[in-house]
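Protein chains: 8
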Amino acid sequence: MVGIIVGSDTDLPNIRGTVEALQLFGIPYELEIASAHRLPDRVVEYARTAVARGLKVIVAGAGAAAHLPGVLAAHTPLPVIGVPMGGGALGGLDALLSMVQMPKGVPVATVALNGGFNGGILAAQIIGAGEPAVLEKVGAYKEALGRDVAAKSQRLQTLGIKGYLGADK
Amino acid sequence: MVGIIVGSDTDLPNIRGTVEALQLFGIPYELEIASAHRLPDRVVEYARTAVARGLKVIVAGAGAAAHLPGVLAAHTPLPVIGVPMGGGALGGLDALLSMVQMPKGVPVATVALNGGFNGGILAAQIIGAGEPAVLEKVGAYKEALGRDVAAKSQRLQTLGIKGYLGADK
Amino acid sequence: MVGIIVGSDTDLPNIRGTVEALQLFGIPYELEIASAHRLPDRVVEYARTAVARGLKVIVAGAGAAAHLPGVLAAHTPLPVIGVPMGGGALGGLDALLSMVQMPKGVPVATVALNGGFNGGILAAQIIGAGEPAVLEKVGAYKEALGRDVAAKSQRLQTLGIKGYLGADK
Amino acid sequence: MVGIIVGSDTDLPNIRGTVEALQLFGIPYELEIASAHRLPDRVVEYARTAVARGLKVIVAGAGAAAHLPGVLAAHTPLPVIGVPMGGGALGGLDALLSMVQMPKGVPVATVALNGGFNGGILAAQIIGAGEPAVLEKVGAYKEALGRDVAAKSQRLQTLGIKGYLGADK
Amino acid sequence: MVGIIVGSDTDLPNIRGTVEALQLFGIPYELEIASAHRLPDRVVEYARTAVARGLKVIVAGAGAAAHLPGVLAAHTPLPVIGVPMGGGALGGLDALLSMVQMPKGVPVATVALNGGFNGGILAAQIIGAGEPAVLEKVGAYKEALGRDVAAKSQRLQTLGIKGYLGADK
Amino acid sequence: MVGIIVGSDTDLPNIRGTVEALQLFGIPYELEIASAHRLPDRVVEYARTAVARGLKVIVAGAGAAAHLPGVLAAHTPLPVIGVPMGGGALGGLDALLSMVQMPKGVPVATVALNGGFNGGILAAQIIGAGEPAVLEKVGAYKEALGRDVAAKSQRLQTLGIKGYLGADK
Amino acid sequence: MVGIIVGSDTDLPNIRGTVEALQLFGIPYELEIASAHRLPDRVVEYARTAVARGLKVIVAGAGAAAHLPGVLAAHTPLPVIGVPMGGGALGGLDALLSMVQMPKGVPVATVALNGGFNGGILAAQIIGAGEPAVLEKVGAYKEALGRDVAAKSQRLQTLGIKGYLGADK
Amino acid sequence: MVGIIVGSDTDLPNIRGTVEALQLFGIPYELEIASAHRLPDRVVEYARTAVARGLKVIVAGAGAAAHLPGVLAAHTPLPVIGVPMGGGALGGLDALLSMVQMPKGVPVATVALNGGFNGGILAAQIIGAGEPAVLEKVGAYKEALGRDVAAKSQRLQTLGIKGYLGADK
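Chain order of the listed sequences is A, B, C, D, E, F, G and H. Letter by letter, the first sequence follows residues 0 to 168 in numbering that gives the first Met the number 0. Letter by letter, the second sequence follows residues 0 to 168 in numbering that gives the first Met the number 0. Letter by letter, the third sequence follows residues 0 to 168 in numbering that gives the first Met the number 0. Letter by letter, the fourth sequence follows residues 0 to 168 in numbering that gives the first Met the number 0. Letter by letter, the fifth sequence follows residues 0 to 168 in numbering that gives the first Met the number 0. Letter by letter, the sixth sequence follows residues 0 to 168 in numbering that gives the first Met the number 0. Letter by letter, the seventh sequence follows residues 0 to 168 in numbering that gives the first Met the number 0. Letter by letter, the eighth sequence follows residues 0 to 168 in numbering that gives the first Met the number 0.
Since the hints were made in silico from the structure, they are not lab data. Only true hints are included.
Derived pair list, reagent style DSS-like, types lysine-lysine, alpha-carbon separation capped at 30 Å:
| no. | chain 1 | residue 1 | chain 2 | residue 2 |
| --- | --- | --- | --- | --- |
| 1 | D | K141 | A | K103 |
| 2 | E | K103 | H | K151 |
| 3 | B | K103 | C | K136 |
| 4 | G | K151 | G | K161 |
| 5 | G | K151 | E | K103 |
| 6 | A | K161 | A | K151 |
| 7 | E | K161 | E | K151 |
| 8 | D | K151 | D | K141 |
| 9 | F | K103 | B | K151 |
| 10 | F | K151 | G | K103 |
| 11 | A | K136 | A | K151 |
| 12 | D | K151 | D | K136 |
| 13 | C | K136 | C | K151 |
| 14 | A | K103 | H | K151 |
| 15 | C | K161 | D | K103 |
| 16 | A | K161 | H | K103 |
| 17 | D | K136 | H | K161 |
| 18 | D | K136 | A | K103 |
| 19 | B | K103 | C | K151 |
| 20 | C | K151 | C | K141 |
| 21 | E | K103 | H | K161 |
| 22 | G | K103 | F | K141 |
| 23 | E | K151 | E | K136 |
Can you build the whole structure from these sequences, using the hints too?
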């Protein structure tokens, strides 16, 4: 089971990608909203009870100061994945640095800006570290990614760049 | 009473300026170390009991992810001043952004990088908002600042730039 | 009484949040426009007479070079809150750095980019440092913030992420 | 088993922290040098045979363009942790962005600049996701971190800030 | 023959400029899509067979982590031109740094953000280093560029700035 | 006479502000387009003949690499004002740094991003350094700026913030 | 006469270059220290009386928030040159942006970080706009700059790079 | 023949790497100092006569505003490689952006900050595009690079990380 948590409902459109990635591999998840600054007690409780609730990894999405994954990591031994939300006045650089620059002993596994989908893939990989069947699915997914690119390249050979772009626009 | 708290003892040399600033105005303080990520329960307890302990304002110094003042602000209605520590691979930009970009409803009053002394001045100003005698001392301090600059300028007129720099080096 | 001042009328839409935050707590305010560069004498006079006019704290919003809060702080012992305006070619990084990086002895309490609302909350907290009744209101406001997040999370549990996002869009 | 790989032997002093972190938990590891740009075939072979060699997770340290963890992630379903090396003309911002901004489907779990030690902690957490005994050790480690901070704070209470800093310097 | 390769079909609208630039000089090219992370084996094969296929230079466009040109350069002695794609949360700074900051011994010739057209011009100049006829065409093209600017300036003298801007808008 | 020169006709909408500023003070100007990279001989000739043509100061607008003012400054003793154009993938930071960071001995007087109008004001001030009548006009202009701000502030007192913003939107 | 003013005596070592540049051309100057934040009344008085004192241009050096040249520009019609001081936690980017990003109507002519010498050259050019003899001296200075570079290049031809570097080290 | 040119003799220690790289392949070069801003006529003449002098490619190193390679590219059809010099107040970001962000039609092939050696490798690759024997040497060099890394990795296996680091320190 993967715990997904966001600091604000404005993060949900991107974090939907986390859900979609987990669904690709049939991995169960729970999802909630709980701000590190506006509902901090719930965040602490969430992290403290995470192991007991059966979570294996937590994916936390947040923007701006983006303390959520770091606060979770302070209260649980589980791996915590941080998804920094892009946008805002600084494009998300604030959220990225705030997540990734965690102090010695308490890491957050940070993925790309607006990387909700990749947060889900990484969660699957982490579960796969202990469950070979999941790891195999991740391998198969990566191969499918390649086939998709190859198909696009093939289509480009057929249509040429003008045709390809015209067909898409 | 002002609460001063740092995330690591490596922040103490700069935060010593906070102590010195408060001593200028005879304002009592307490000082402790309590990381938001390594000793989080103490941070939560500290913030929750701050009003009852008689604190009027908290000054929190931290570097890198620098979540400490934000986490304190989540658990207390008191004003929280953040002192971002410079240095590290990114010069402190990470700490600055992580402190200042707090979400709606939960501000941190952020001062300059390595601004421990100014954190103390701001704490005095905040206490002064409710205690006219303190505010007067702040006013007197600011006037003294000006006299110090004026004296340096006068010395520059006397010595000339070569003499002034030679005298200092 | 809180003094609110902006460098340009283009800052008013964001600084409206400052007004709204103060109204939450029933704190009186005055509001004016007075650029540090285009109407500097008024800014100096404003700062110098601030204590006598009964102000406890000043909130100053400005963009780009954003010298306004620093210039005010130079002429008054009161705490000055800076609200850096985002936008412009550099997204507001110029305004943020210009406000926060004040020299030793003359701090500006800087909040987030476009943080007009948080400027008002911080002003209330500063007044609350000397008025317990205001501090209690701030505490109650922060609890209400938490209930709002909890309600959104509850709604998310009920609707699921597709339902929640669909309902909002 | 954790695979540790660096792009240059100049990364070894920091990546030594990864080794030390794994040793805390008694987790076996292998360590080698293999640049994505100067010895690319070895990197591809390393990644492709990683599962078969019994690796559960890979920690890759690199600086500047820092493609190593991304290239590894392209060739294995295992989770890959990236440790961006600080320093250089841009302080490590180049390495950080190059690691964290991976495209959809192929994440790298990025930790802090010069975060070799945290790369090891995160690797232990990932292994712990499938091995409860390791997770317990991580939990115990985090508690020990807190005790260390608390001891420092206690010492600060005893010595005062002048005594504390004097004792350290 | 110039090899043009992009990491994603979203890069094609900009890389169309590369094609257009090469067509100006009658230089043949091949074009395909092959991600360094999603179809890595094809990228390796592409680079390894590039000399044998008759390529003289490779133009690679990619965004975000943008490892494609660096990975190509690892597997071929040919000069590789990198076209970093602008946009995304960080405006393309990530792609630019990831391309340009290559390690000692394995350079990527990086051009401007979204500089697909200039990637084509540079490819022509590189071919021209060995084919004087191509170099002459580049010289003629640069002169034509100047005539175009001069014509615009002449038109500005005739119309005045109001007329010129009015005529364009 | 002020020489105004831009690197591309896309800079004209902003540089129109330079023209407008000069017209405020009745200062004659000439305006042309001449890229440092696409029409370099004209730029060199322009700079070399500037004194003889009666120019007192040059205002040069350019974006991206933005070498134009620096190249002009290399070929003339006249003061050269640089107007960095905002926009593009990096928001104009490239143009700003390229203009302002000139080497020892050859300064460019750089104004704000998209600061075409201010380029004209600065040109007037420079001419005013030698022509008291122009300097007086600049002084009068600055006073008018202040009156405009004061009038807006007065209007804000009358209408209140809701009324003011409503009236503008 | 050129007015030179710095915000702190720590700026004097760099601003010494301004003095040296002016001495090259025999231009008289006055020099003082007067912080915009710590001695603001003197700064206002300085600016207001600048024309009457016979100044033609002001050179102001400051670091960090670096409001000094902007505040001067607010109170005088004279051209104000800003010299942003490098160093500090952010390398001087704060000072640079705070100086250059002045609002519409009140420019500061900004030169390079630590560009004290260039501030003096620009001041001479501005005086030269009204005094042909000074402009001629600037032209002669620029030619001397070129001869110095040419001499170094000649020496490099003679010694070779090893000899040249060995001779210098 | 490769033309190597630097804007200042302070760039020579890094550009020495360019010389060393070319010597690896037995490629002749010429080397001189000629600033785009201090000796501009020589730069223009250098570029205009480059083809006639038998140059195939130019490597230009410069720091700060770093206009040199762009100015050269404006006056020659040859490919121009830019080596941005790191250091200075902004770490070299100014030089990097100024070189790489060239306008449409006039590219500069930019390599890493302080990448003098890679500038030489790229120059060899460009010459190799027309001379298969040089290209083969580049290929052999890249293989040697790999063997060097492999040897270091082998040594690491033998000594262990403590032994390896101890042996180096």
